[in-house]
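> Given next are the chains, with one letter for each unit.
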Amino acid sequence: MPKILIPSPLRKFTGNAAEVAVAGATVGEALKNLAEMHPELRTQIFTDEGKIRSFVNVYHNDEDIRFLDKEATAAADGDVVTLVPSIAGGAR
Amino acid sequence: MSTGTLTNEELQRYSRHLILPEVGLEGQLKLKDSKVLLVGTGGLGAPLALYLAAAGVGTIGLVDFDTVDSSNLQRQVIHGTSDIGRKKLDSAEDSIRELNPNVRVVRHEGALTSENALGIIADYDVVADGTDNFPTRYLVNDACVMLGKPNAYGSIFRFDGQASVFAHEDGPCYRCLYPEPPPPGLVPSCAEGGVLGVLPGVIGLIQATEVVKLLLGVGETLKGRLLLYDALNMRFRELKLRRNAECPVCGDNRTITKLIDYQEFCGMPKTNAPLESGEILPEDVNAMIARGDDFILIDVREPHEHQARNIPQARLIPLGTLPAQLGTIDGSKLIVVHCKAGMRSAKACTLLREKGFGNVLNVKGGIDAWKV
Numbered sequence: 001m002p003k004i005l006i007p008s009p010l011r012k013f014t015g016n017a018a019e020v021a022v023a024g025a026t027v028g029e030a031l032k033n034l035a036e037m038h039p040e041l042r043t044q045i046f047t048d049e050g051k052i053r054s055f056v057n058v059y060h061n062d063e064d065i066r067f068l069d070k071e072a073t074a075a076a077d078g079d080v081v082t083l084v085p086s087i088a089g090g091a092r
Numbered sequence: 001m002s003t004g005t006l007t008n009e010e011l012q013r014y015s016r017h018l019i020l021p022e023v024g025l026e027g028q029l030k031l032k033d034s035k036v037l038l039v040g041t042g043g044l045g046a047p048l049a050l051y052l053a054a055a056g057v058g059t060i061g062l063v064d065f066d067t068v069d070s071s072n073l074q075r076q077v078i079h080g081t082s083d084i085g086r087k088k089l090d091s092a093e094d095s096i097r098e099l100n101p102n103v104r105v106v107r108h109e110g111a112l113t114s115e116n117a118l119g120i121i122a123d124y125d126v127v128a129d130g131t132d133n134f135p136t137r138y139l140v141n142d143a144c145v146m147l148g149k150p151n152a153y154g155s156i157f158r159f160d161g162q163a164s165v166f167a168h169e170d171g172p173c174y175r176c177l178y179p180e181p182p183p184p185g186l187v188p189s190c191a192e193g194g195v196l197g198v199l200p201g202v203i204g205l206i207q208a209t210e211v212v213k214l215l216l217g218v219g220e221t222l223k224g225r226l227l228l229y230d231a232l233n234m235r236f237r238e239l240k241l242r243r244n245a246e247c248p249v250c251g252d253n254r255t256i257t258k259l260i261d262y263q264e265f266c267g268m269p270k271t272n273a274p275l276e277s278g279e280i281l282p283e284d285v286n287a288m289i290a291r292g293d294d295f296i297l298i299d300v301r302e303p304h305e306h307q308a309r310n311i312p313q314a315r316l317i318p319l320g321t322l323p324a325q326l327g328t329i330d331g332s333k334l335i336v337v338h339c340k341a342g343m344r345s346a347k348a349c350t351l352l353r354e355k356g357f358g359n360v361l362n363v364k365g366g367i368d369a370w371k372v
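In order, the protein sequence lines correspond to chains A and B. My numbering applies: residue 1 is where the first sequence begins, and numbers increase by one. My numbering applies: residue 1 is where the second sequence begins, and numbers increase by one.
Pulled out of the complex, with its shape left as it was, chain A reads as follows (with noise of 0.2 Å):
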């Protein structure tokens, strides 16, 4: 099963889990399985259509799947998928 790295901003829609473990064959499918497992992620990860918010980028391994195969890239055991969610902070 690939492993899901959560970033601290979304931990709180996971009971504070960093890593989750899912199943699927692709990164598209690990993320729809992600969401199902925690539904408040759902609406964080993916528009009304299902596709991945544009300001939401996912990374298979050190690689931005939008320069792979986007959400059909191949997952396989041990892979590590990362979020990797807009943040803003520095000043204030």
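It should be emphasised that the hints constitute simulated quantities derived from the structure, not laboratory data. In this text, all values refer to a predicted model and were calculated from it rather than measured experimentally. Some clues are possibly wrong.
[Unchecked claim] One-sided excerpt, in silico: chain B residues whose CB lies under 8 Å from chain A: (1) A111; (2) S114; (3) E115; (4) F159; (5) P181; (6) V195; (7) V198; (8) L227; (9) Y229; (10) N233; (11) F236; (12) K240.
C-beta: ideal position from N, C-alpha, C; glycine also.
Got chain A; can you put chain B on it based on the hints?
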């Protein structure tokens, strides 16, 4: 300002640099001739300014409009307790001078805007972005791309940090990573979500390291790489970044060739926009209070924000606790909701209306726009 030489005092001060082959006299003179712009003198800007000044960067430009607040001191180490209430620019300038009087400090008082950004940034060699909001992040990025100035980027939230170098040579820019900002309100700011005090020290000094390397032209920068730092689990990870050929600002067919309205781009309400239905101006709420109108004023910010400044008539119900508090609110009365700038209170109004509260108004612009 360049003299082409170092004084005896400088030779002594920078002696640990001078014996490094990668810096040496030539490198130290490069630093002395360099100009670095720090956007924001807060959590990230504080360590950046201190260490760049100590390292001997000749000119440091500071952009800030804010004053020092006691809640800043947990992480903004360039400011001290006796600086509370002073302009951050004054406080930061004093700290830099005390640390290294050889540094020329250039003050840019006010916010960076689409009108002034190109003029300000053009004078500098490298920019370090340490701001706290998406509109300014996109503004700094676009201006740096247009002017060809590298941007040492850092961003923090709670226990997480990100760092990279954007707009450098053929590398990607911030928009290649994040083509669009998240909708307002979805990603909380540090003021709402909190931040570990030592986190900006780590990320700010990664930015400072990249600035020094860019100025010296040594080593391998974070160009094309995004460094992720998880302080809670003490993990550093690195992801690959690529220039997006379709990027509207740095791609092959550029559609953004001049600075735009970044507030609008990020979906922020325009301060001079007409009132929408369900909104009320702060001055009208003042008038209602003065008249003794019978209504409920609710502040949906966090307790520490409420404590720092509040409208005395307002009842504090942080947004996250509102669903549990609905039973304690008298739905027969007019309910007026405010937050810092109007985003969280807009969510609160939506929730209240969904739960059947018939008469709900959102204070436009929040307490930031409120003059008492």
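> Of all the hints numbered above, which does this structure not satisfy? Sort the numbers upward.
Checked against the structure, the hints that fail are numbers 1, 2, 3, 7, 8, 9, 11, while the rest are satisfied.
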